[in-house]
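Enquirer: One-letter residues, chain by chain:
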Amino acid sequence: MADNFFLPQASLDTLFAALTGDGRRILAPTDRDGRTELNPVTSPGDVAKDYLQTILSAKEAAFPKVERLMSFSTGAGSVDLKDAEPSAVPTVLFGIRPCEASGFKALDAVFNWDTRDRFFNARMEALAVIGIGCTRKDDACFCTSVGGGPGSTSGSDILLTPVEGGFLAEVLTEKGKAMAALAPEAFKADPGLEKKVVEVPVAFDQPGLTKRLKDRFEDGIWVEQSLRCVGCGACAFVCPTCVCFDIVEEADAKGGHRLRTWDSCGGHMFTLHASGHNPRETQAQRWRQRVYHKFSYYPERYDMLGCVGCGKCTRACPVDMNLQEHLAEAAQA
Amino acid sequence: MDLREKSRQLLENGDVKAVIGYERGTMGARRPAFIRKAERADRLVFDEACAQNLATYLTRPEVRKLGRVAVAARPDTLRAILQLMAERQVKEENVLALAGDGTVELGTAQAIEEHLATCAKELPARDREILDRLSRMDRAQRWAFWQAELSRCVKCYACRNSCPMCYCGHCTMDCNRPQWVPVASHALGNLEYHMVRAMHLAGRCVECGDCGRACPVGIPIHLLTFNCEESVHLQFGQRAGASSKLDYALSTFRPDDKESFIR
Amino acid sequence: MSRIGVFTCHCGENIGATVDCAKVAERTRNVPGVVHSVDYKYMCSDPGQSMIKEAIKEHGLTGVVVAACSPRMHEPTFRNAVEEAGLNPYLCEMANLREHCSWVHEKNDATTDKAADLIRVMVEKVKHNTPLHPIRVPVTKRALVLGGGIAGIQAALDIANAGHKVVLVEKSPSIGGHMSQLSETFPTLDCSQCILTPRMVEAARHPNITLMTYAELEKLEGFIGNFKATIRRKARQVDEKLCTGCGLCITKCPNKKIPDEFNEGLGKRSAIYVPFPQAVPNKPVIDKTNCTFYKSGKCKVCEKMCPTGAIRFDQQDELVTLDVGAIVLATGFKVMRTDKFPEYGYGKYADVIDGLQFERLASASGPTLGVMKRPSDGKEPETVVFVACSGSRDRAKGVPYCSKICCMYTAKHAMLYKHKMHHGKAYVFYMDIRSGGKDYDEFVRRAIEEDDVKYIRGRVSRIYEEDGQLIVKGADTLMGGEPVEIKADMVVLATAVQAQDGSEELAQKLHVSYDPYHFFAESHPKLKPVETNTAGIYLAGACQAPRDIPETVAQASGAAAKVAALFSRDELTREPVVAVVNRLPAPTFSYCVGCFLCQSACPYQAIEAEEIRGRDGTLIKTLAKVNAGLCQGCGTCVSTCRTKAIDIQGFSNEQIFAELMTL
Amino acid sequence: MKIGYYPGCSLLGSSREFDESVRALAQALGLELVEVPDWSCCGASSAHVLDHRLALALPARILAQAEAAGLTEILAPCAACYNRLATARDTLEKDPALARDIEAVIGQPVTGNVRIVNVLEVLDRFRDVIPGRIAKPFAHKVACYYGCLLVRPAKVLKFDRPEDPRSMDRLMAAAGAEPREWNFKTECCGAAFSVTRTDLVAKMSGKIVADAVRHGAEAIIVACPMCQSNLDMRRPEINARLGAEHTIPVLFITQALGLAMGIDATKLGLQRHMVPAVMTPAAV
Amino acid sequence: MTEPFEPKITAFVCNWCTYAGADLTGTSRIKYQSNVRVLRLPCTGRIDFMLLAKAFARGSDGVIVSGCHPNDCHYTSGNYHARRRWMIYRDLMDFMGIDTRRVTFSWVSAAEGARWAELVNEVTTSVRELGPYTEYKELALTGVE
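The listed protein sequences correspond, in order, to chains A, B, C, D and E. Numbering-wise, the first sequence is residues 1 to 333 according to our numbering. Numbering-wise, the second sequence is residues 1001 to 1263 according to our numbering. Numbering-wise, the third sequence is residues 2001 to 2663 according to our numbering. Numbering-wise, the fourth sequence is residues 3001 to 3284 according to our numbering. Numbering-wise, the fifth sequence is residues 4001 to 4145 according to our numbering.
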C-alpha cells in the first residue's frame, strides 16, 4: 500500500520545519571530526554530507546505552520503590540506512518475546524512521547476503531513495503517512525517475550457512578465526541488532536506582558463574556464540536473522574481525 | 630474506610453535595473524600500516600453551615484551622477537634492549596537535574537552583488551565487592574507568597508542596514559619497557623525590 | 543480617557537653543493621563494659560500635570486654566522638550531626568486619649471635644466663674481636686482655653457648621465631677434638714469613697459627693461601710433629643449618687503612701507622713485646706525632661522621708512649676533643698535664719522608694559624671507624637495611636503638655506629634483653592486621596475576612467591603470598595491586569503601 | 690526528723553547696542531684576582673561537692556560645563567663542548708509540715535577692522582729514563711571586731543587713554563739561599722526549735555558 | 533564603601520625570547623587513589590526604610510596580538568595538633570560597536516559 511521491531536495527544509513544528526531535547522522555520529539536528544542513553510515547504530534511540529502570529510597526502617518513566521523546530518525532500519525488528523480537519491555516499546512508539537508500557501500557491507538491500524498505516509515534532484519517497506505514501529512506540499507526484542506488553483491549463501552451522558446533574454524579477537564489546555495542543488556544497582545507605546497560557476549565475564566456572571459557567459544546467536538461534527461534549486514562490527573491530569474510569462509568450508 | 621466509624457516625447523604477525585485512587494513604451519607463512605482511601491538597476545592462555612463539615486533612491541618480562608474564625463552624488517632475530631480553637503544620514539602529528591544544586550555576547558570526549565512551573495553599491559584476568573494573567503578557508561563511570586505567598504566605504559587506535568512537584516550607515563619519566626518570628487570616507579621510591604541592 | 549494638558515651562532660548523646543514640536506632543503641555516662567504666557484655548476650549482637574516645586510647579495653562476652574482638570498632568531635567543635546541631555521621561510618564498617584471630607463631628458643667481639660475647652470655641456647658464630679463628688487639683501655688503663679473656673463657665454657669460630653465615631464611640459618664452618685443617692446643705445630712450622693479621701486619706468623696467645678456642688453623703444602705439595712438617695426629689436610668446609628464633648482629667495625691518605704518602711510609697498629706496638703480646719500636728500622722513636680525625669528619674521604672513640684512644696512645719513653716528645694534632664519657675528660687532662703531651689545635696538611725522618707539616690555629713543621720519627693516624667489610652483603642476606656508610640501620634512633626493621633481628656494638666498649656492652645487654623477652613465651602472638592474598577454587586460584609489583612496595620483604602446581606437578601459576610473621599491615601493597587480589584484614577495601559510602 | 692548539703568551715569550719542543715533538709524532684562530689572553694568574666575570670572559672567548673553528679538543701546554680554560668551562657548564651573561659580554655563543687537555694527556696517548721511536734512551735519573696547576683543583681537572701523579713518570720511563721517588712532586714553586717576592721563590723552589738532588735526580722534568722559569732562572737566588751549587738542569718533558727521539737540541730550544742542559751522573 | 553553602570535606589520614595529631588537637581543645569527616587508615601507603575519586563521587567538595612526614613513617616507606602516587595522580587529575585546588596533600605529625586544626580551617574556608563541586556531583546522572 506504499504510495510513492517525489520529494525535491529543496523541500527537505519544509519537511524538517513541519516535523519540529509537530514537537518531534530529529536525530540524523552528522559529521564530527571525520566521524559520522547520530546527533539531534534542526535543519537539513546539519545532516552529514556524503556519509556511508554512523559508527554506533540508531538502536540508541530505542535501547540507550544506560537507562534507569526504577529508583528506591530507604527511610527509617522502610524502603519505597518508584518505577522510572521512560523518557520517550517523539523522535524522527532521519537519514539512517535501510540495513539499520531493518534492525529494529530484531530488537523487537527479543524485547517483546515474552514480557513486553515497557521502556523499549514506549520509545519505539514515539519513534518514526525516515530511511535513505544507499548510494555508497564498502567492503564491510553485506546487506544483500542477509535478506536486505540498499533500497530495502523494511523498518522504515518513509524510505527516501535518491533520484535526480531529490528523492523517491515511499510512504510505507501509518506513521509515514502521518509525517507526510504534516508537510503535504513537500511531497510531489512521482515522475518515476530512475533510482540511484549502489550495487551490493551477495557475499555468501546465508540459508546454506544457517543449515551448515547446525553440525559445525565443534568445528575448529571458530578457534582459527577468533585467535586475534581481543574479547572487547565494540562489535556488540555498535551492532543494530545486539540486544544483550546487564542490570546493576547504584545505591548507598539512603537509596539509589537500578540501571540497564549494554553488555557483550564477547567479554570474558559474560557467562562467568559466581563459582568461578565459565561455560564459555575461551574466546573461540564466545566468537562462535556471536555467529550462532545471529545466524542459527535467531532463525530457529524468531524465524529471522539477528544480523542486517550493515558491517559496523567489522569497521569498529580493533583487529578487523570481518564478519562477512568469516561467514563466507564458514559457508564454504 | 623477509618476514615470510624467516617465519617459514623458523616453523620448518621447529624453533617456534607459531609466528604472530600481520596479514592483509578489510580495505587495506592490517590485522594480527597466527601462523602455525610453514606453508601459511606467505599470508604475512610487515609494513608501515601494521599498527596493533602484538605483545598483547603473549599473555593469552591459548598462546602460553603453545610454548615458544615468534612475534613480528615494532619498537613499541619490543618495549611491551620487556615490560611483560619485567612483570613475569612472559618468559625470555618463550618469545622470539622479529624486529627491524622482520628478520632481525632477538631471542634474549638483552638483545631486545640493545636493539631498542637504536630506535627513536616520537609522537604522531595528530597527538601532538591535540596535546598542544590541551596545553593552551585552562582547567575548565580541559574538563569540558574530556567530558565531551568521554561522553561518547560506551565502555566496550576495546582500549583495555587491546593493551599489552592490561593482562589482569580480574581487572578493578570487574571487581564488585566493593564496586570501585560503576559498571554503567554514564559520565561518572567513564571518568573513573579511564582515570583508573591511566593510573594503572603510569610507569608501565610503553606508549604504543593501541588503546587510541582501538577505540571505535575515536576518543584519544591514549593521551591519558601517555600523560601519566611522561609524568613518571619527568619526575622519576624511569620509563616502561626500558629493561627486563622490574623498575616500577610506583612501587619504588627515592627519599629525595622532589614535589612542590605537599604542605 | 547484621545485629549491631551501638554504645554512645558521654565521657562525663567531655562528649556530653557539646554533643547531644541521647539524641545521637536515638537517631542511631534507625540505622539499618542496628538493633541496640544506648548512651551511658562512662562506657569505659566497669558498669559501662558490663552493659556491653550483657547486650551482646541478650541481643545476640554480631557487631559492636562504641562511640566514645579515640581508638588509640580504649580500643584494647573494649575489644577485651567484647571478647569476654564471647564475641570476636575484631567485630568491635570505635567512633571517635571525643578527640575528633566534641572537644574540637562548638555545641550545635552540626556537631551532633557529625557525631551521628561518625557512628554511622563505623556501623557500616562493622558490617564488613570479619572475625580475626591473633597470628600465632611458634618461637624457637635458640639465639644466633653473629660476631665474637665483646658485643657478641656479652650478648651471648646474657641470653645464655637467661636460660636460652645460643650459637656464637665468629669469622676469625678465635673470639675476642678488636678488643683483644688493644693494649690497655681508656679511661682506666685496664689491660684489655685481663678484662676480656675471662669473658671469652666464660663464653666458651657456658653450657648454653655453642661456639662456632672460623665460621660465617651462608644464608638465612624464615622470619621472627622461625629463622633457618645456614652457617659455613670453614675447614681449619685441624681436628678440633684431637688437638690439645700444645702449639708444637706452630713452633715447628718452617714458613714464618706471613704478615700477621692480628698484629695488623706488623708482626709475622706461621702458616699454621693461632691468632694470639689467649685465643679461645686455642685451636690452630692452617692458612691455605700461604701454606707451602697447599702451594707446592711438599712440607707437612705440622702433620709429622703433631702428637695427637690432629692435622687434616683433606678437611672440607662444612655447612651447618640451625633453627633459631632471634639473631643478634655484633659484627663490629674496621679501621680505615693508611693507604687511603694521599697527602700522607698513600701508605708508602712504613712509620706512618694507624691506631690499631700502635695498639699492637704497645701491647706486651705484640710483635715488639710492648717496646716502642718503629716498623721501618726498629729504632725507638724520639718524637711521635698523633693525628686525630684522620679520615673522620671529612666529606672528601666519604666519612662525614665523627668516629667517637679516636679522641680517647689517641690520648691513651700518647700517654702509653710517654709512660714507655719518658723523655720522648708526643704531639697530638686535633680539631676538637670529644671526651663525653664518665671520667673521660679527666683522662685527657691527665695526658696533657701530667704526661706533657703537646696538643696542637690544627690539621696536618702533608707528611713526607726526609733523611729517615717524617716531616709533619701542619698549622697551629690557636697561634694565629702559624705553620708548624715537626720532624717526627713515627706518626700515628687515628683513622676513621668504618663498617666491617662485607657488612652490605651480610645485611642483604638478612634483609636488614643499612645506612649510606654500610652500618646496620636501627628501627628507631631514639626509641628502638637495638632493633632493626626486620622483626627478630637485633643489633649490638659498633656494627650499628662507632661506639666505645662501655656503650657496646650496654647495647649488647639491651639486645639480649629483647631476645629474652621474645623467648619468654612459647608462641609469638601478633595483631592479625596483616595482608592476605586471596585464594579461589580452580581454575583461577586467585585474582593475583603474579606481576609481583607489590613485592618491591613491601618494606618488610613479607611477600613471597607460591607455586600452584597441578596434580601432575606441572606449574600452573606463580602467585604472591604474604608471610604473616613479617607483614606489619601497612597496606602499601593493597593500593599497588591492580587486581585488588591483596587486602589488609581490619582495613580491607570493602570496609574502607563502606565507611566512605556513608559520608 | 688533528688537535686544537693554544700556545698562550708565555710560550711565545719567556718559554719559547716549550713551544718549539711541543711543535717539534708533534711533528715527529704526526700530530697536526691547529692553532685557535685569533686567540687572546687566558687571564692567567691576574684576571681572577681582579674580577670574577673578567676571569671567565677571557677564557670563554677562546672557547668560543675554538668552537666556531669546529675544534673539539684544545691542547694548552702551559699549565696556567690549561687550568684557566678548564675551570672556566666547568663553571659555565654548571651555571647556565652565568654562561648566558658571559656570552653577552663576549658577544659569542659558548656551548662548552670543547675539551681542554694538557701536554701530558696528549703524550700519554702516544705512550705505546714512543718506546719504538727512541733513538737515544734518556738514560738518566730524573725527578718529575708536576707543580700545582696541572693537578688542582682535582674535582674540576680530574687529571691523574692529585697528591702523587704518575703520568710524567710513566712517559719518562718510556723514554728510557729512571724516574725517582721524591717528596716535592706537587709542592708549590712560588709561582707568580717570582717577580714580587723572589726571596719566597728561592725558599720554596730551593726546597724542591734540594729534595730532587737529595734523591739522586740528574734532571728535573717539568710541564709548566712557570715552574721551569722559577727552578731554572731563579737558580742563583736558590743556590745563594741554600749555600750550595746545584747545577741540576730543568727540562720540559717535550724537550726530554725530543732528545730521546733524536731531535736536534737547538730545534728543542735547549740553548735558551739559564742552567745549561748538561746531565752529569748524579753524586749519589 | 537557602541555607549558606557548607562544604563537605573528607579526610584520609594515617593512623600513626595525622590521626594521632588530630587526637592531640582534641586533647589540646583547639577548635576547628566541623565540615571535615576523618577516615583512619594504617598508612598513607594504604590510601588508594580511587578513594579520592570516590570521595568526590560521593559529593565531597574538598578532600584532605595526610600522613607522616618523610622519614617518620611508622612502616619506614609508606609515605614515600604515597608521595609518588600523589605526584602522578595530581598530574592526571589536572590533565583531565579535575579541580586540584580541592585536593590538599600534607604531612602532619603526631605532635602537630595545632597544625591539623589550622589545615582543616584553611581547607574548609578555601573550599567554601570555591563553592560546591556541582560539575562532579552531576556526573552520576549525566548520560543516563
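These are calculated hints, taken from the structure and not from any lab test. All C-beta atoms, glycine included, are put in the ideal place defined by N, C-alpha and C. Take the hints with a grain of salt, since some may be wrong.
As the list claims (entries may be wrong) - Straight-line C-alpha distance at most 27 Å; calculated BS3-like pairs for lysine-lysine:
#, chain 1, residue 1, chain 2, residue 2
1, C, Lys2348, D, Lys3155
2, B, Lys1245, C, Lys2107
3, B, Lys1245, C, Lys2621
4, C, Lys2107, E, Lys4008
Claimed, not checked - What follows is a list of derived Cβ distance ranges for each label pair:
#, chain 1, residue 1, chain 2, residue 2, range
5, D, Val3156, B, Arg1254, 42 to 50 Å
6, A, Arg258, B, Asp1015, 30 to 38 Å
7, C, Leu2527, A, Arg258, 51 to 59 Å
8, A, Lys105, E, Pro4132, 45 to 53 Å
9, B, Glu1129, C, Lys2526, 55 to 63 Å
10, B, Gln1110, D, Glu3093, 30 to 38 Å
11, B, Arg1254, C, Lys2526, 20 to 28 Å
12, C, Gly2468, D, Val3156, 51 to 59 Å
13, D, Glu3093, C, Val2580, 36 to 44 Å
Enquirer: Which of the numbered hints are not met once you compare them with the structure shown?
Expert: Per hint list: 2, 5, 6, 12 and 13 violated.
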